[in-house]
Every structure is written in structure tokens, then in C-alpha cells.
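Asker: Protein sequences, first through last, are from chains B and P. For reference, each letter of the first sequence is one residue, going 122 to 401 in the numbering used here. For reference, each letter of the second sequence is one residue, going 122 to 401 in the numbering used here.
Some hints could be false.
For identical chains, the list gives no copy identity; a pair is met inside one copy or between any two copies.
[Stated by the list, open to error] PhoX-like, lysine-lysine: derived pairs with alpha carbons at most 25 Å apart:
1. K161 <-> K305
2. K390 <-> K347
3. K327 <-> K373
4. K235 <-> K161
5. K235 <-> K354
6. K373 <-> K305
7. K354 <-> K285
8. K327 <-> K219
9. K266 <-> K222
Calculated directly from the structure, the hints in this document are not laboratory data.
In case you want the letters, here they are:
Protein chains: 2
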Amino acid sequence: MRAAFFGPEATFTDIAVQSVFPDARRIAYRTIPECLEAVKEKQVDMAVVPLENALEGSVNLTVDYLYHEDLPPIRAEIVVPIEQHFMVHPENVAEWRKTEKIVSHSHALAQCHKFLHREFKHAAVEQMGSTAAAAKYVSEHPELKWAAIANEMAAELYGLEIVKRSIHDYPFNHTRFIVLAYNKLEIQKAPSFQKSTIMITLPTDKAGSLHQVLSAFAWREINLSKLESRPLKTGLGNYFFMIDLNHSLDEKLVRFSLEEIRALGCTVKELGSYCRYMAE
Amino acid sequence: MRAAFFGPEATFTDIAVQSVFPDARRIAYRTIPECLEAVKEKQVDMAVVPLENALEGSVNLTVDYLYHEDLPPIRAEIVVPIEQHFMVHPENVAEWRKTEKIVSHSHALAQCHKFLHREFKHAAVEQMGSTAAAAKYVSEHPELKWAAIANEMAAELYGLEIVKRSIHDYPFNHTRFIVLAYNKLEIQKAPSFQKSTIMITLPTDKAGSLHQVLSAFAWREINLSKLESRPLKTGLGNYFFMIDLNHSLDEKLVRFSLEEIRALGCTVKELGSYCRYMAE
Numbered sequence: 122m123r124a125a126f127f128g129p130e131a132t133f134t135d136i137a138v139q140s141v142f143p144d145a146r147r148i149a150y151r152t153i154p155e156c157l158e159a160v161k162e163k164q165v166d167m168a169v170v171p172l173e174n175a176l177e178g179s180v181n182l183t184v185d186y187l188y189h190e191d192l193p194p195i196r197a198e199i200v201v202p203i204e205q206h207f208m209v210h211p212e213n214v215a216e217w218r219k220t221e222k223i224v225s226h227s228h229a230l231a232q233c234h235k236f237l238h239r240e241f242k243h244a245a246v247e248q249m250g251s252t253a254a255a256a257k258y259v260s261e262h263p264e265l266k267w268a269a270i271a272n273e274m275a276a277e278l279y280g281l282e283i284v285k286r287s288i289h290d291y292p293f294n295h296t297r298f299i300v301l302a303y304n305k306l307e308i309q310k311a312p313s314f315q316k317s318t319i320m321i322t323l324p325t326d327k328a329g330s331l332h333q334v335l336s337a338f339a340w341r342e343i344n345l346s347k348l349e350s351r352p353l354k355t356g357l358g359n360y361f362f363m364i365d366l367n368h369s370l371d372e373k374l375v376r377f378s379l380e381e382i383r384a385l386g387c388t389v390k391e392l393g394s395y396c397r398y399m400a401e
Numbered sequence: 122m123r124a125a126f127f128g129p130e131a132t133f134t135d136i137a138v139q140s141v142f143p144d145a146r147r148i149a150y151r152t153i154p155e156c157l158e159a160v161k162e163k164q165v166d167m168a169v170v171p172l173e174n175a176l177e178g179s180v181n182l183t184v185d186y187l188y189h190e191d192l193p194p195i196r197a198e199i200v201v202p203i204e205q206h207f208m209v210h211p212e213n214v215a216e217w218r219k220t221e222k223i224v225s226h227s228h229a230l231a232q233c234h235k236f237l238h239r240e241f242k243h244a245a246v247e248q249m250g251s252t253a254a255a256a257k258y259v260s261e262h263p264e265l266k267w268a269a270i271a272n273e274m275a276a277e278l279y280g281l282e283i284v285k286r287s288i289h290d291y292p293f294n295h296t297r298f299i300v301l302a303y304n305k306l307e308i309q310k311a312p313s314f315q316k317s318t319i320m321i322t323l324p325t326d327k328a329g330s331l332h333q334v335l336s337a338f339a340w341r342e343i344n345l346s347k348l349e350s351r352p353l354k355t356g357l358g359n360y361f362f363m364i365d366l367n368h369s370l371d372e373k374l375v376r377f378s379l380e381e382i383r384a385l386g387c388t389v390k391e392l393g394s395y396c397r398y399m400a401e
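One chain only, chain B, in its complex shape:
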């Protein structure tokens, strides 16, 4: 099995792939769209990309791509706990408190904002494309007094020393990754529960449509675990909604509700029914 993932090696996406597909041949892609195009064009068997972070919210690029493009269904969701560590080149361990510049992904820097403000008020901060890319850069430049914020796998892969563990500000940080594939996937790990994702566009000329949609779910006791709006790119105030259901799309009551919602004039895109897996 060839698995495209949002790279480089040792990103959190890479951790997601390795935890659920330990035997897959992992192929790193530079961007999320390239990753999704690879599975669409059947260059790989599956693609793994980030969908939502508990602190920063949805990854808009992934959500918009799922809405606007025809992609294979979602076959699995992987939840990875996000632990950020402070790491330097082994030659600079003794002097780590004198770090002059700290590099990482913009989200990781945001997640460690309080730590940086408290401990490294006078150090410069620079964004890089990913936490793994930052770790790689620091490993290649021992002459610079720089540090990276990244995960444990990146420290191991690039031979950096973690001098301060778990420096993120909020303890409950997780990221959800989705796995897209045309064919069913064999997964050894035990799932935590089943769910589905759909995207709904409301008719523009009717007030109260969202309430009607939620009514169609509510009286059938179909539980929603997520409801999120995204702009349609057609003007202010035009949205589509991404909705997660704690049910399979094959359940009879779910099928009836979607049929009715379509009859109300809504567009419904079904992204798939799948299980959640925990990377821990």
C-alpha cells in the first residue's frame, strides 16, 4: 500500500500514518493539494491530510478542497495528540537558554505562545513550512544558536536533543487527520467509534433552512458531533456546512433524512462513513 502524506518525514501527519498503517510505503508530498491530487489520480492507494486542530480549528485548505473537488471517500480518521518539544543541536545543549532564534510551523509557535513569551522574550521567532522542516534546518546548522519546536519523532530523525518537553500552552491539543482512498482499507488497530461526514449547501432564497436541516436530524435522534460553516467564495454571507454524524450513512433513518433535506432544496455531498482511530 502506498500512502501519500503531508510531509516531510516526521510531521504529525507522518505520525498518524505510522500509527495506523505501520506497513504502508509512505510517500511525502509538499502540500495538501498535491497529496489529495495523488490519490485522486491513483498514483497512490491512500492520502492522509490534517483536517482539524482542537485549538486552531479546521484546516481551511483541506475543507475547501473536499467541497470543491471530487475525491475518493474518507475511509478513516486518525486522532493524534499534539505534544510540542523544544530541541537544539547536540552541540548547543549546554547553552540552550541562550538560543537566539526559534523556528517552527506557525501553528506550533501559536500553541507555545505563552512559553515563548515567558522564557524567550528576547529571542527571534521564525515560521517554517512544518515542524519537521524546522527540526531539519536546525540539525543542519550547528553553528547557529537556533532551536526548533517539533515532535519527538522529528528530534530522533534529525538527531536533535529535546531540552524542554511539552511546552505547549493548552494540555488537550489534538489534531484530526483523514484518510482518503477508493478501496476499503484493512486496519489492524481497534476503532473507537463510527461516524460520517457530509457537506450541505442551503438554498439561498429561504430563511430558516439550517433550522429545517437540523430538525430533520433532531426528531430522528441523529446526533451531530460537529457543525461548521465555510464561505462559498460567491459573496459575503454565503456558506456551506460541514457536518459530522455519529452514525453510518447506510442507516435507514439517515438515508430518509438526507433524502428529505435534498427535497428541501439543499445540496448534500456525502464524504463517507468511517471509523475513528486514536494514535496513542
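The hints should help you fit chain P onto chain B, whose structure is shown.
Answerer: Frame of chain B, contents of chain P only:
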């Protein structure tokens, strides 16, 4: 009147301020939080910050700040059409097609993605803090064959020549800005309509709460023009909702609905009733 705005001069926020408050003393702030702190601490009479772009979606920093901090009420909303132009230093006009690097804000670069891909495939692209900052940089470096993507006001202020107008990919792009102030503001311009914004946190232990909230509005024919979710930063799946109503919070039916929604166990934060103004 002193108006804090997300600067530097000639940003789209600056255009919003000048169109509705032509006589205000404008004070540029480097970041959105600094702008909001200034009005909270009464260093200025009002603060103007971006809230939502029609293509890129909400400005998460503003939304989260409104939720987590106690700020003065929203007193007005200003909608600015977003037109991006391609501009170079006057010395480089003849050779503008040989531009080697293009600089702008990340959103502006995203909004002109197709144009850049079509016309400047081989030029480098670099992000700067704002469109105005990019224009300023290009104006100070005539020796570089660089171009900026920015608005007309920035071209005038920094003495750049617009060589290609309206290069944005989608024609309907607008940004909403909000004005926060403790005191009522005198506005000469005619408003387009009145609205209100609230933020609702659902009780975590009850399914179907969002449906109940929308029911409370729906049977009273209270129209929602926006409903958006944001993560609460307490774990995956915990959200608050930002809701715009096409009504004043003083209307009797609105007051009843909010009272009932609170009785259901929801937390409701009222951000204010205000009018929309068009910058055109």
C-alpha cells in the same frame, strides 16, 4: 475622535476607517490584539479590525479575542470591496513583465493565485505582514525588480505605478470590519441595515442543543444571517457559535428568545446591535 486601526497606513482597514469616519484621528497599530487592547484601555475612542473575508473566512484572531475578552460593544460594521492591483516602482514600469519577485499579504497572494500562476509562473513570491507593508517595501527599493499586490490607496501613498488592475481571481470579494467603542458613534453616512451579533456556548452534556437554539429563533421568525463555529480550546469537538441576527437585541421577541436559550443551559454573550455601512 481617536480611531485605532490594524495598520500600517493604506491597509484595507484604513480604507474602512476613512470611508465612514473621515474626520477621525487615525492611529495605526501593528496587530489586531494591540488594536483591541487600545480601545479596552481607553487610549482611543474606537478600534477598527477585520472580522471576515468573503473568500478566506473569519479572521480567527478577532473572533477568539471577542469571545475570550471583555471588550466594548460593536457599534458599526463596514463592508469594503477588495480590489487587488499589481504595482511596481515608477522606474520599473517599462520592464514590469520581467518582475523577479512579488510581495504581499498571504491572503492577497491567495486571492490572486490564478493570475500569478498564469502570468508569473517563474517569479518568486514572498509574504509580508500586510499589503501596505509590501507596497512600502517596493517603493523603497527601486533597484530590485520587485512588485507588490495591494490596493489603490497604497499605490498613491507610496508612489507606485499600477500596471495591471483588478488581478484578483474572484469578483465578489469583500471584507467585513467591525468598530468597537464604549460610547455611541456619530456617523454621517447612511446605513444599509441593522443587525446584531451574539456568541453562544452550548451545554456539553446535551445532544440537539444547537437545534433547540435555532428553534427558539425560527418559530419567532428571527432571521440569522450568519452561523459559524469556532473551537473552544478545551478539546476536539467543543465549539462556540458566532451568530448574526437581522434584528436589534432590544426587540421583545429577541429578548425572549435569548432568555429561553440561557434557560436551556447555554451561555450567551451579546456583542452588540449595530448598522452595516458600505465603503463604496
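Asker: Regarding K327 and K219, is the shortest C-alpha distance of 25 Å or less found within a copy, between copies, in both, or in neither?
Answerer: neither (61 Å within a copy, 50 Å between copies)
Asker: Between copies, within a copy, both or neither: which fits K161 and K305 at Cα up to 25 Å?
Answerer: within (15 Å within a copy, 55 Å between copies)
Asker: Checking K327 and K373: alpha-carbon separation at most 25 Å within a copy, between copies, both or neither?
Answerer: between (27 Å within a copy, 24 Å between copies)
Asker: Quick one: K235 to K161, C-alpha cut-off 25 Å, is that within a copy, between copies, both, or neither?
Answerer: Classified as between; 21 Å across copies, 41 Å inside a copy.
Asker: Checking an output row: K235 and K354, CA cutoff 25 Å. Within, between, both or neither?
Answerer: This pair counts as between: shortest inter-copy Cα distance 14 Å, intra-copy 35 Å.
Asker: With identical chains treated as interchangeable, where does the CA-CA distance between K266 and K222 reach 25 Å or less: within a copy, between copies, both, or neither?
Answerer: Cα proximity of K266 and K222: one copy only (7 Å, versus 30 Å across).
Asker: Checking an output row: K390 and K347, CA cutoff 25 Å. Within, between, both or neither?
Answerer: both (16 Å within a copy, 21 Å between copies)
Asker: How would you classify K354 and K285 at a CA-CA limit of 25 Å: within, between, both, or neither?
Answerer: between (43 Å within a copy, 23 Å between copies)
Asker: Is it within, between, both, or neither for K373 and K305, if the alpha carbons may be no more than 25 Å apart?
Answerer: within (22 Å within a copy, 55 Å between copies)
In summary, the structure is inconsistent with hint 8 from the numbered list given earlier, while agreeing with all the others.
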